[in-house]
Amino acid sequence: MNLTLKVWRQNGPADGGRMVTYKVEDVSPDMSFLEMLDVLNERLTLEGDDPVAFDHDCREGICGMCGMVINGVAHGEQRATTTCQLHMRHFEDGATITIEPWRAAPFPVVKDLVVDRGSFDRIIQAGGFISVPAGSAPDAHSMPVKKEDADDAFDAATCIGCGACVAACPNGSASLFTAAKITHLGLLPQGQPERDSRVVAMVEQMDLEGFGGCTNTGECTAVCPKGIPLDAIAQMNADYLKAAR
Amino acid sequence: MATKAVTPRPAPARAAPARRGGFLRTSNGKKAVMAVTGAVLVLFLVAHMLGNLKVFAGAEGFNSYAAWLRTVGEPAVPGRTLLTLAEIGLLAAVGLHMWAAVSLARRAARARPVKYAARRRSRADGYVVRTMRYGGVIIALFVVWHLLDLTFGTVNPGGAAATPYERVVQGFAPARWWVTSFYLVAMAMVGLHLRHGLWSAFQTLGLARGRRRRALNVLAAAFSAVLVLGFVSVPLAVMIGVVK
Chain A
9 MNLTLKVWRQ NGPADGGRMV TYKVEDVSPD MSFLEMLDVL NERLTLEGDD
59 PVAFDHDCRE GICGMCGMVI NGVAHGEQRA TTTCQLHMRH FEDGATITIE
109 PWRAAPFPVV KDLVVDRGSF DRIIQAGGFI SVPAGSAPDA HSMPVKKEDA
159 DDAFDAATCI GCGACVAACP NGSASLFTAA KITHLGLLPQ GQPERDSRVV
209 AMVEQMDLEG FGGCTNTGEC TAVCPKGIPL DAIAQMNADY LKAAR
Chain B
379 MATKAVTPRP APARAAPARR GGFLRTSNGK KAVMAVTGAV LVLFLVAHML
429 GNLKVFAGAE GFNSYAAWLR TVGEPAVPGR TLLTLAEIGL LAAVGLHMWA
479 AVSLARRAAR ARPVKYAARR RSRADGYVVR TMRYGGVIIA LFVVWHLLDL
529 TFGTVNPGGA AATPYERVVQ GFAPARWWVT SFYLVAMAMV GLHLRHGLWS
579 AFQTLGLARG RRRRALNVLA AAFSAVLVLG FVSVPLAVMI GVVK
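As they're listed, the protein sequences go chains A and B.
Going by our numbering, the first residue of the first sequence is number 9, and it counts up by one from there.
Going by our numbering, the first residue of the second sequence is number 379, and it counts up by one from there.
It is possible that some hints are incorrect.
Covered stretches of chain B, as calculated for chain A (at least 3 residues, CB under 8 Å) [unchecked claim]:
1) 402–412
2) 569–582
3) 587–601
Hints listed in this document are in silico derivations from the structure and should not be mistaken for laboratory results.
These numbers come from a predicted model, not from an experiment.
Cβ atoms here follow ideal geometry from the backbone N, Cα and C, with glycine treated the same way.
Required output: the full structure, derived from the provided sequences and hints.
Right, dumping it as structure tokens:
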């Protein structure tokens with residue numbers, strides 16, 4: 009496959025940045041999107057150019073490091089897929105592909121397609137944990153949890169914190185990310201003692217970081233590689249109203 | 379072998395009491411204001427739409443309904459008391475709804491200072507959602523015209539002296555097709571606004587979850603359609619001469 013890429017290049021946080029066009033030839037349809045970028049980067053390196061910086065780690069869809077907006081869609085058109093698990097067979101030969109970093113004020117660009125997602129860490133630090141004396145793992149049946157709650161908590165816990173929800177949201181809201189952690193911990197017995205303080209602190213931190221508000225557009229859940237449902241945001245809203253009363 | 383001293387973690391702080399105005403400063407607080415004031419306005423729209431249908435009962439029925447709105451509660455309370463209270467409540471709801479909308483829209487604009495080069499494509503049901511902000515502005519402008527037209531009679535051919543029924547019939551006369559068209563466009567906007575706004579309010583208040591969300595979504599669509607049909611039936615009936 010031969011492709012034309014329009015890639016966002018930005019030397020550093022202070023640089024204005026621009027879209028740069030590259031031709032990539034002999035791309036195998038079996039390559040992942042990141043492998044296709046590797047091909048481009050090897051060529052750029054050989055030519056003495058600066059390779060395109062992008063975040064990646066596990067390349068098997070579970071770490072949450074990779075992510076870019078491909079043709080205007082976070083992680084690309086393929087649903088429930090991280091960028092590393094997106095394969096080139098989903099693109100047409102000769103296609104032009106636009107590649108941009110997550111765009112949000114709380115996600116400042118570090119270089120090219122790499123953004124600083126420290127704001128997510130600070131939201132978690134604000135309350136996305138449980139304070140328990142950690143000993144050996146308790147017996148699985150020592151604290152019964154309703155099957156539905158266990159399932160919903162687990163679904164929410166699959167969030168990998170990639171930031172696609174923020175990138176896709178027309179308001180740049182981090183509601184789905186924050187709500188996933190609140191739902192995960194709030195549905196389990198261990199999360200109850202801090203349930204109220206957690207939601208208040210995390211929502212406040214989310215606002216402090218400069219994320220937008222949720223307008224229930226559903227764009228976040230549509231691009232989420234883990235399919236975190238909007239129910240999580242409803243749970244966060246309910247918990248917040250209860251705690252802030 | 380030294381054992382590591384176990385320092386007990388401090389007891390988790392209870393939810394800090396909301397700072398003065400703290401709730402209204404958070405995005406979640408503003409969303410709640412938006413949802414509750416929106417619900418008030420929806421209830422008003424239902425009553426308004428049902429009241430409008432009185433026009434099909436003829437001039438007398440419609441005019442006496444209008445008069446009743448001003449005398450309801452008498453003699454327990456002076457005339458127009460309940461109507462005035464309702465007007466104050468509606469004005470407050472509209473004001474707070476718009477304040478929350480503007481505030482959240484500005485926050486959203488600040489959250490994405492650099493736009494995407496590729497057109498960001500909607501992956502969800504994006505069309506209705508995109509009409510919310512500009513649709514709201516159109517609806518606000520419409521309300522101003524609507525009050526000048528049928529409440530104060532300033533821009534109505536019948537003028538302030540005409541009875542409510544006369545104002546409706548003369549206001550939507552076929553010669554004033556452009557007024558009727560504006561009403562129809564505005565009502566379509568109201569329908570789209572409620573299509574998203576209704577279930578969105580339930581979501582914001584944390585009431586839409588799981589199977590209930592799907593039911594609410596269908597309900598929001600059906601409710602908006604019925605409400606809009608009820609509203610547009612009056613100007614259309616006048617235009618085609620069913621009501622004269």
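A quick look at each hint next to the structure:
As drawn, the stretch 402–412 of chain B meets chain A at 8 residues by the rule of a beta-carbon pair under 8 Å; at three or more, the given contact holds. For the stretch 569–582 of chain B, the stated coverage by chain A is satisfied: 5 residues place a CB nearer than 8 Å to a CB of that chain, which reaches the threshold of 3. With 3 residues carrying a beta carbon less than 8 Å from a beta carbon of chain A, the stretch 587–601 of chain B meets the three-residue requirement, and the given coverage holds.
Every hint from the earlier list agrees with this structure, and none is contradicted.
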